[in-house]
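Start from chain X and add chain S according to the hints.
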Amino acid sequence: MSKANLLDRRQVVSTLLAERKDVIAIGGLGASTNDMCAAGDHARNFYLWGGMGGAAMIGLGLALAQPKLPVLVITGDGEMLMGMGSLATIGLQKPANLSIVVLDNEAYGETGGQTSHTFAAADLVGIARACGIEDSRAVTTMAEVEAFAKAVHDVSAGPRFANVKIDSASVERILPTRDGTYIVNRLRGDLGFRPI
Amino acid sequence: MHARADAPDTAPEASVLWPDDIFATLQRFDVRQVPYVPDAGHSKLIQRVLASSTMRGIPLTTEEEGVALLAGAWAGGQRGVLLMQSSGVGNCINMLSLIPILRFPFLTLVTMRGEWGEFNPWQVPMGSTTQGVFELSGVKVLRASNPAEVPAVLEAAAAQAYNALTPTAVLLSQRLIGAKVFTK
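Chains X and S, in that order, are what the protein sequence lines are. Taken in order, the first sequence gives residues 1107 to 1302; the numbers are from our numbering. Taken in order, the second sequence gives residues 299 to 482; the numbers are from our numbering.
Bound conformation, chain X alone (with noise of 0.2 angstroms):
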């Protein structure tokens, strides 16, 4: 597999979220969550600090309740690996206003950067659309990152998956809330839902 021309992750997330207008973005667990946040704090910013390999249920259950929202799913090669099954759910269900971006170091950066499983065998992309989510790109260009990024706001032909091929260069810790009560009543609040 090249080394060559692999993406910056910041500039790749601050890209995706830079005309985000109504997107709600969830960030999985791991670097991904704090790419986010780098990207500048939102109220529909949805940062896990945990629940591994939930990020694109998440995902899922956001994009069935607002089916008018653009939904962003943003996460890593572990991460997305752990929760492999949902894309076969989701591949199902076919929500057209779901978008899963995998920032794909093929390391678990958090840990000591050991190989993930998309090092030299798994294919998030060919898994992607075998599952039934037709629109699975590989993307190794800041133009296609743009290209996506125009994309997660039609809401009508999703879902679609993205995988980023992304340098595992370290980068400084931008850490959001942990709150994550204060992270759900947030969002709830700006689509409108009052506390219970």
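Be aware that a few hints might be false.
Simulated restraints, written as ranges between beta carbons of each label pair [unchecked claim]: (1) X:1127 / S:328: 28 to 38 angstroms; (2) X:1287 / S:438: 32 to 42 angstroms; (3) S:391 / X:1257: 28 to 38 angstroms; (4) X:1252 / S:417: 38 to 48 angstroms; (5) X:1240 / S:443: 39 to 49 angstroms; (6) X:1217 / S:420: 46 to 56 angstroms; (7) S:375 / X:1127: 12 to 22 angstroms; (8) X:1240 / S:417: 36 to 46 angstroms; (9) S:352 / X:1225: 39 to 49 angstroms.
Derived list of chain X stretches under chain S, where covered just means 3 residues or more per stretch with a C-beta under 8 angstroms from a C-beta of chain S [claimed, not checked]: (10) 1167-1180; (11) 1193-1199; (12) 1273-1279.
To give an idea of the chain X side of the interface with chain S (calculated C-beta under 8 angstroms), a few residues [claimed, not checked]: (13) 1112; (14) 1152; (15) 1156; (16) 1157; (17) 1160; (18) 1163; (19) 1164; (20) 1231; (21) 1290; (22) 1294; (23) 1297; (24) 1299.
Derived by calculation from the structure, the hints in this document are not laboratory data. The beta-carbon is built from N, C-alpha and C at its ideal position, and this holds for glycine as well.
The following block gives chain S in isolation, referenced to the frame of chain X:
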């Protein structure tokens, strides 16, 4: 392949009425998303859900997907309920940590295996620890053991889960469902 031990083999499933009671309660509490891993004991309820215009049945590949799904559903303004059998409870353990952290209404209906006349020993270990796993994970456990008590137990469970954000599991006893009968 199998039949209910507590009913003649020829009895149509339509004669089992408690799943209709469950469906009616879920409908009244405005439950919209119903993730499930199939179980024979849930088959009639799943049929009702899939035929419903207000509920969406969502087949899962593994039960913990359903816990995460319900967190997302709540963030988006909808209530859900997770249907599974006792063996699936163990699959959920780490994902159950989302419930106190995100504080969303969690209701799950669990058909029990590994108790009351079980034939398959492989069901017994997880069936024996199902209630303990829930309690250690902060989920209150209620049980229904006969058809007559299903409506009241469901009502109490749904009320405390959705009104008081008290995570609740209802164990639908194997005595209620009928032990699975294996025939050649």
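Status of each hint after checking the structure:
1. X:1127 / S:328: 28 to 38 angstroms: Roughly 29 angstroms apart at Cβ, these two residues keep to the hinted range, so it holds.
2. X:1287 / S:438: 32 to 42 angstroms: 19 angstroms Cβ-Cβ, so the 32 to 42 angstroms window is violated.
3. S:391 / X:1257: 28 to 38 angstroms: holds (36 angstroms)
4. X:1252 / S:417: 38 to 48 angstroms: violated (59 angstroms)
5. X:1240 / S:443: 39 to 49 angstroms: The hint (39 to 49 angstroms, Cβ to Cβ) holds, given that residue 1240 of chain X and residue 443 of chain S are roughly 47 angstroms apart.
6. X:1217 / S:420: 46 to 56 angstroms: Violated - the Cβ-Cβ distance for residue 1217 of chain X and residue 420 of chain S, about 34 angstroms, lies outside 46 to 56 angstroms.
7. S:375 / X:1127: 12 to 22 angstroms: holds (19 angstroms)
8. X:1240 / S:417: 36 to 46 angstroms: Between residue 1240 of chain X and residue 417 of chain S, where Cβ atoms are some 43 angstroms apart, the hint holds.
9. S:352 / X:1225: 39 to 49 angstroms: With Cβ atoms ~45 angstroms apart, the hint holds.
10. 1167-1180: holds (count 6)
11. 1193-1199: Three-residue rule met by the segment 1193-1199 of chain X, so holds; n is 4.
12. 1273-1279: violated (count 0)
13. 1112: Given a least distance of 29 angstroms, the restraint on residue 1112 of chain X is violated.
14. 1152: Because about 6 angstroms separates residue 1152 of chain X from the closest Cβ in chain S, which is inside the 8 angstroms limit, the hint holds.
15. 1156: It holds, given that the least Cβ distance between residue 1156 of chain X and chain S is near 6 angstroms, below 8 angstroms.
16. 1157: Hint on residue 1157 of chain X: holds, closest Cβ of chain S at ~5 angstroms, below 8 angstroms.
17. 1160: holds (3 angstroms)
18. 1163: holds (4 angstroms)
19. 1164: Holds, because the Cβ-Cβ distance from residue 1164 of chain X to chain S comes to roughly 4 angstroms (cut-off 8 angstroms).
20. 1231: Cβ of residue 1231 of chain X sits 19 angstroms from chain S, so the hint is violated.
21. 1290: holds (5 angstroms)
22. 1294: holds (6 angstroms)
23. 1297: holds (6 angstroms)
24. 1299: holds (5 angstroms)
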